[in-house]
Amino acid sequence: DAGITQSPRHKVTETGTPVTLRCHQTENHRYMYWYRQDPGHGLRLIHYSYGVKDTDKGEVSDGYSVSRSKTEDFLLTLESATSSQTSVYFCAISESAGQVSTVQYFGPGTRLTVT
Amino acid sequence: GNSVTQMEGPVTLSEEAFLTINCTYTATGYPSLFWYVQYPGEGLQLLLKATKADDKGSNKGFEATYRKETTSFHLEKGSVQVSDSAVYFCALRHNAGNMLTFGGGTRLMVKP
Chain A
61 DAGITQSPRH KVTETGTPVT LRCHQTENHR YMYWYRQDPG HGLRLIHYSY GVKDTDKGEV
121 SDGYSVSRSK TEDFLLTLES ATSSQTSVYF CAISESAGQV STVQYFGPGT RLTVT
Chain B
190 GNSVTQMEGP VTLSEEAFLT INCTYTATGY PSLFWYVQYP GEGLQLLLKA TKADDKGSNK
250 GFEATYRKET TSFHLEKGSV QVSDSAVYFC ALRHNAGNML TFGGGTRLMV KP
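In order, the protein sequence lines correspond to chains A and B. Position one of the first sequence corresponds to residue 61 (our numbering), numbered consecutively onward. Position one of the second sequence corresponds to residue 190 (our numbering), numbered consecutively onward.
Be a bit skeptical, because a hint or two may be false.
Claimed, not checked - Covered stretches of chain A (in silico footprint by chain B; criterion: 3 or more residues with CB under 8 Å from a CB of chain B, positions within the stretch not fixed):
1) 105-119
2) 134-146
Claimed, not checked - Facing chain A, from chain B, some residues (calculated, C-beta under 10 Å):
3) Q195
4) F223
5) Q227
6) E231
7) L233
8) Q234
9) L235
10) G267
11) N287
12) G292
13) G294
It should be emphasised that the hints constitute simulated quantities derived from the structure, not laboratory data. A quick note: this is a predicted structure, and the numbers were derived from the prediction, not measured. Backbone N, C-alpha and C fix where the C-beta goes; we use that ideal spot for every residue, glycine too.
One chain only, chain A, in its complex shape (with noise of 0.2 Å):
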């Protein structure tokens, strides 16, 4: 499996609150992503990093921003949560990006609830 750590693993909060969430990974992969997951909508892609302080937007980018200052971590953070982004989400990462063999892998999630 591939070193991924996701903290924390479970969270609720209030609407309004700031949320940083935080992926960890031991593999030294240059590429790091965050996703959501939504019931019938699969995963869906928030933000991703191409190396450190390097990082773009993705399909459902409103409402988050990311931070990457280490090779290692990539943090999520909501500014003022609301209740549409109570998902779980997950933390993905891939040695290399636009080629055939790039594959990634995926953390073990953080379940978000905001009440």
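Take the given structure of chain A and dock chain B to it, following the hints.
Showing chain B alone in chain A's frame:
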């Protein structure tokens, strides 16, 4: 844009039954195709992949063939086990891009 459509679940089978989970896609060019599996309480694991037309991906008794003419990547297994109970996701990725596009997932329940 890209999209992936999977059959809705849940799919309920008896042990040793034959499994097919349908997946079709819409994309320009020649994407790579993937099946991921999510066991209860866990993250997604790559099950198999195919990177060009007519490729067959296989792993743990599961198979899927990249059919460009029908834009499909159906997942099959000849004899399912209780331990195969999970949610299965079909996904595509353009080889020039980073983003995976997922189907909605299909829950498989296998009964003894």
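Would you check whether L235/B satisfies its interface hint, that is, whether its CB is within less than 10 Å of any CB in chain A?
6 Å, holds
Whether chain B covers the stretch 105-119 of chain A (at least 3 residues having a Cβ closer than 8 Å to its Cβ atoms):
holds (count 5)
The hint names F223/B as touching chain A; please verify it with the least Cβ-Cβ distance against 10 Å.
8 Å, holds
Would you check whether Q234/B satisfies its interface hint, that is, whether its CB is within less than 10 Å of any CB in chain A?
7 Å, holds
Measuring from the C-beta of Q195/B to each C-beta in chain A, is the shortest one below 10 Å?
At about 8 Å, which falls below the 10 Å cut-off, the nearest Cβ of chain A leaves the hint on Q195/B intact, so it holds.
For the hint on N287/B, just tell me whether its beta-carbon gets within less than 10 Å of chain A.
With a closest approach of 5 Å, the N287/B hint holds.
So, G294/B near chain A? Judge it on the closest CB pair being under 10 Å.
5 Å, holds
Is the shortest C-beta separation between G292/B and chain A less than 10 Å?
5 Å, holds
Status of the L233/B interface restraint (C-beta, 10 Å, chain A):
4 Å, holds
Mind taking a look at whether chain B covers the stretch 134-146 of chain A? Criterion is 3 or more residues with CB to CB distance under 8 Å.
violated (count 0)
Under 10 Å is the threshold here; is the Cβ of G267/B close enough to any Cβ of chain A for the hint to stand?
25 Å, violated
Against chain A, with CB atoms and a cut of 10 Å, does the hint on E231/B hold up?
6 Å, holds
Hints 2, 10, counting from the list given before, are not met by this structure.
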